[in-house]
Amino acid sequence: MKDYLPDWAQPWLELITGGLQIALVVLIAILVRALVLRLISRVVQRHSLPLELIVGGRRFSTFLIFGGVLLFVLDRFGVSSTVLWTAITGFATVAAVAFFAAWSVLSNIFCSVLIYTTRPFRLHDHIEILESGDKAGFSGEVLDIHLIHTTLRETFPDKEPSLLQVPNSLFFQRMVRVKTGGAGAAG
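No gaps in the numbering here: position 71 of the sequence shown is 71 in the numbering used here, and each next residue is one more.
Hints are supplied without guarantee of correctness; some may be wrong.
[Stated by the list, open to error] Okay, derived cross-link-like pairs now, DSS-like style, lysine-lysine, Cα gap no bigger than 27 Å in a straight line:
#, residue 1, residue 2
1, Lys-135, Lys-179
2, Lys-159, Lys-179
3, Lys-159, Lys-135
No wet-lab data here; the hints were simulated from the structure.
Kindly produce the complete structure, drawing on both the sequences and the hints.
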């Protein structure tokens with residue numbers, strides 16, 4: 001390849017090669033992601049899986065694919081795997097200490113696991129959190145369930161809809177009224 005490039009481009013050959021390799025890997029990753037998302041869609045159509053599983057599968061596969069791309073790019077820039085492993089384990093240790101210091105965060109994460117496994121409500125269900133007895137609290141359509149909170153769309157007849165982010169632990173401290181049958185509710 002050196003024979004085909006002009007003399008002024010010779011010092012840039014290694015940089016150009018690395019850039020082309022990175023661009024090729026990113027392009028392949030985008031194509032693999034599209035293929036995986038299409039595969040997930042076909043599996044969903046064939047087996048009618050719950051919407052939560054679909055969203056989780058898409059997020060997890062995207063994280064794995066682009067995590068691999070990031071590792072490749074860092075390797076091309078000369079970051080050693082030992083340094084990278086040391087940084088990741090150091091960060092994980094600090095994160096573990098921070099999580100143990102914040103029990104409410106851990107509680108919400110644990111409650112999100114319970115919501116995913118027991119499924120007291122699903123995406124697009126309309127839920128109402130009751131304060132005490134039958135006294136209404138707040139309500140809305142479930143838009144997304146995150147590790148820390150659940151996003152609800154609260155609608156009013158005379159106002160614009162608003163988004164509420166409800167901590168997941170609140171669903172296990174209060175009574176929840178669920179109205180199923182939304183657009184994405186799976187049986």
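Please flag the earlier hints that this structure goes against, numbers listed from lowest up.
none
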